[in-house]
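Participant: For reference, the chains in residue letters:
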Amino acid sequence: MKAFAYASPSNTQQAVQLLSSHSGQAALLAGGTDLLSLMKDLVVSPDLLVSLGKVQGLDRITRQGDALRIGAMVTLEQLLADPEAQRYPGLIQAAQGVTSPQIRSQGTVGGDLCQRPRCWYYRKGHGLLAQHNGSSMVRQGDNRYHAILGNSGDALFVNASSLAPVLIALQARVRIAGPEGERDLPLSDFYRTPQSPDEKEYALEKAEVLMEVEIPAGETSNATYEVRQREVLDWPLAAASVALGMQGSQVSGARVVLGHVAPVPWVSREAAQVLEGRELTDQLARQAGEAAVQAAKPLSRNAYKVRLARVAVERALLRAAGREI
Amino acid sequence: MADYSWPEAGKRSLIGQRISRLDGPAKVTGKARYSHDVNRPGMLYGHILRCPHAHARITRLDTSKADAMPGVKAVRVVQGEGTEIQWALDELVFVAATTEEIARDAVGAIQVEYEVLPHFVNEENKDQAPEVNPAQAQTTGDPDAAMAAAEVTSEGTYGLASISHCCLEPHGQVCEWEDSEHLVAYCSTQGVSILPGQFAQGLQIPASDVRVITPYMGGGFGSKFSVDRWGIECAQLARQAGAPVKLMLDRDAELTVAGDRPSAYASVKLGASRDGQLQAWISDSWGSGGLAGSGSPPLPYVVEVPNRRQQHSSVPTNIGSSRAWRAPNHPQGCLITMAALEDLAAKLEMDPLDFFLKNIALTGRFQEVYAQELRLAAEMIGWKDSWHPRGAGATGPVKQGLGLALHTWGGRGHNSNCELVVYPDGVVEAKLASQDLGTGTRTVIGIVLAETFGLPLESVKVSMGDSQYPASGPSGGSTTVGGVSSSTRRAAQDALAEVLSRVAPHLEAAPEELEAVGGRVRVKNDPGRSLAWKDAAAKIGVNPVSVTGRNPGAGNLTDSGVAGVQMADVSVDVDTGLVRINQMVAVQDCGLIIDLKTAESQVYGALIMGIAYALSEEKIMDPVTGRMLNADMEFYKLPGVLDIGRLRVHMMTGEGFDDRGVIGLGEPPVISPGAAISNAVANAIGVRVPHLPLTPDRVLDALEKGGRA
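Residue numbers (our numbering), protein chains in the order written: chain F, 3 to 327; chain V, 7 to 715.
If you are wondering where the hints come from, they were derived from the structure by calculation, not from laboratory data.
Take these hints with a grain of salt, some might be off.
[Claimed, not checked] If we take Cβ atoms under 8 Å as the criterion, some of the chain F residues that face chain V in the derived model are:
id: 1; residue: 20
id: 2; residue: 24
id: 3; residue: 89
id: 4; residue: 105
id: 5; residue: 118
id: 6; residue: 122
id: 7; residue: 139
id: 8; residue: 144
id: 9; residue: 233
id: 10; residue: 236
id: 11; residue: 239
id: 12; residue: 306
id: 13; residue: 309
[Stated by the list, open to error] Here chain F is said to cover these stretches of chain V; the calculated rule only asks that three of the stretch's residues, wherever they fall, bring their Cβ under 8 Å from a Cβ of chain F:
id: 14; stretch: 640–647
id: 15; stretch: 695–703
All C-beta atoms, glycine included, are put in the ideal place defined by N, C-alpha and C.
Whole structure, please, built from the sequences with the hints as guidance.
Facilitator: Next comes the structure, spelled out in structure tokens:
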């Protein structure tokens, strides 16, 4: 790990100020569970860490009418214990998927949304796009955990966030502070597939701070289903979150978002279309799962993930309907 | 000389009881000092520059920037310009500096250029290997004729990936020169007594000038018998810098170059009569344990098929050399054999329990033990109630299945010496160089002492893990418990006899009329005539009684050869390929058990280690770079406590077992889990998943190929 300076501002304006006035490489420190390992492995070597630990107001969950605002510094453990958060079973299930009590206690909602990919080529310093002599190390190498969707370009890693799929399904927005003041955008627009090695996979500019995420009002049946090999801390091989508006037994509106299958949380409009206006039967859940992976293009070693993604969607839908496998 | 023996069944007060390990509190409170915890005044930190390529020639190596860095005290190039490197993370330069950070920065400042050469690291498919070295086929009987005559034949491919030892405490040591000639090394090692010789050879000094200290160590599993280049270089750095040096491996190096169990793959054809009598075995196996390839696993394993031919090929790979991994080659032999046998049983439409019992005579010497263990294990797991023909389970996506496997091992006690001292104040101390790998060796020695002297366990003293004590063999092959318990028992019996002979006049009895029981020395037929142990010891005079006990020696205190049976109950989700362990049952003999609790604990640990390599653990080697991609605890997947299901252990004890003496237990219970779990999965889903670990991709692939997706 390279030596670094450390700053601990007490409000977001100061944090933004520190980031924008710093000429070198600066990084935001939340729970540190991801950043510190990246620094130890010399994947990133910031010379300034700006801690959000003492910034006022980022560690609260507040209800506003029927909307829920979750501060970026809320820990996963805090989220799991919060009575208001229980209104979103899909969110609770996603947080429970992080099975390490240590990570849940230390890791934050903002950190989960902004964590970097686990691609082993990236983590060994080969860059986000893992190019080697002009070709893709992922395509030629071992890609058993890589993308099956949205993988036509050079970005083949999968987005690692546990919470993003369900939050996108719940139509959450994120509020961001920057030198020009605050902005907010749908969480689905926060993520992007980098086209060049120096692009990040999310839209946080150099001097910006993710402040909170807001789940708007709205009644949905929602659920998350992860296919994970182990009960001990493990990355899902595929995951799906769904949020359904229901009229009786009919689906009036559906959002289906897959995790760990693409460089971004993967919103499946195809699956949503299959569902809308129809009765949620086992058969329909299966059809939605199939629609979700219809466009999948597996790499040399990850065809199995297509099936897992399909099953995750199917089971998330059944779970949302109260019918567990 | 005493008649060396273990106390009879009715006369054991501690032996065979469930006794908590003596050093448990020290370990859980952090008081126990492992090599990693040793800090010496003025100590420097070592770090290693490693080659990032699996095969390369070093064309330029310049350490000048590291040499000039403030805080850097020694830099040693061990593989320099012109050297051809054969595996990734091999050591090139060792550095010692005043802080760990400086040592790392110095390593980063070394400039190296390589000519990258072609590598080969994925031997699962033999046809892709640039080099395959077939050994001479081994033939018994007439396998071709027997196969041709067989009424039923079965063919399949089986195998298991290379795994790492993944010791919780990585390899390494702290080296300190007491003066210009005398080295003290605090090593994480399985061979305290053999390491001084290895240091001596590497450093060109007399072995008598090296002292190795290992009071506690955090796992070896067969990977810690060598001083290794990092041991020699740590001592060299310390000598060059004139200060103690700590050098412990990073996790990625620990997983990549400090541990490797060779892979093994095989095509097997089996032949039997319609009623299930085994007749013929023909196998073509291969595997790799690095550049040197690999030897053949024992095939067929345990079950001696009368007509058989085995052909093994060794495949060299650009991977760090293999090291003995707990029961070397047995897990491989067991998986290949037991899976092939279970496939044949399925083809015969026989319950594998009946099939194994029908062929039990082919297991040889231990056939009665196996039969007994099979029936016991079957009862424990409810085999007859819940076994179903292959693939004929529930209709939903989650299928349940049962599988079994048999294993064997030697485990005779190694060469061990124990100095036993009885002090006039009553303290009884055993001194042995032997290390305790974490298995309970210290506790076992204490129990033997306390049992022999009729004292409470808390009042005896065990001093071990120091090469200045009498030598004991390295802890490999399950030989430690037999060795140290036998040498300690002999020493203790001799020392007690000496004490009794000095005490006898004071009790007006002959020495042979006395016994040490319940903290007293008393006359056997007149227990009222007695002395408290402390008072008795005071009669020995001013000089302590000191004797040395040895193994091997007179009396049948240890034996060789054990048999074990394991059964697995699994659930497989055929939509996701996820395998869950519901329950595992292990039935195991190991002669006379000194401490039932630590013995059972060995078996629990082995089951967990077995579940790991059965379900999720493998070295994932990158075809592009030749490096291990998962040299971390994130993707090197070991199970957690919720991943192991319910584990049940039954140790065979009593007549026919206790009277054999003490036999080692470290290896045997880790042999069968892979095979038992693979068989249970085949039973659950109706097809064989050929290779371990049984990850979702492999399970789904097998289902698809078997037309069951």
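Participant: Of the hints stated earlier, which fail here?
Facilitator: 1, 2, 3, 4 and 5
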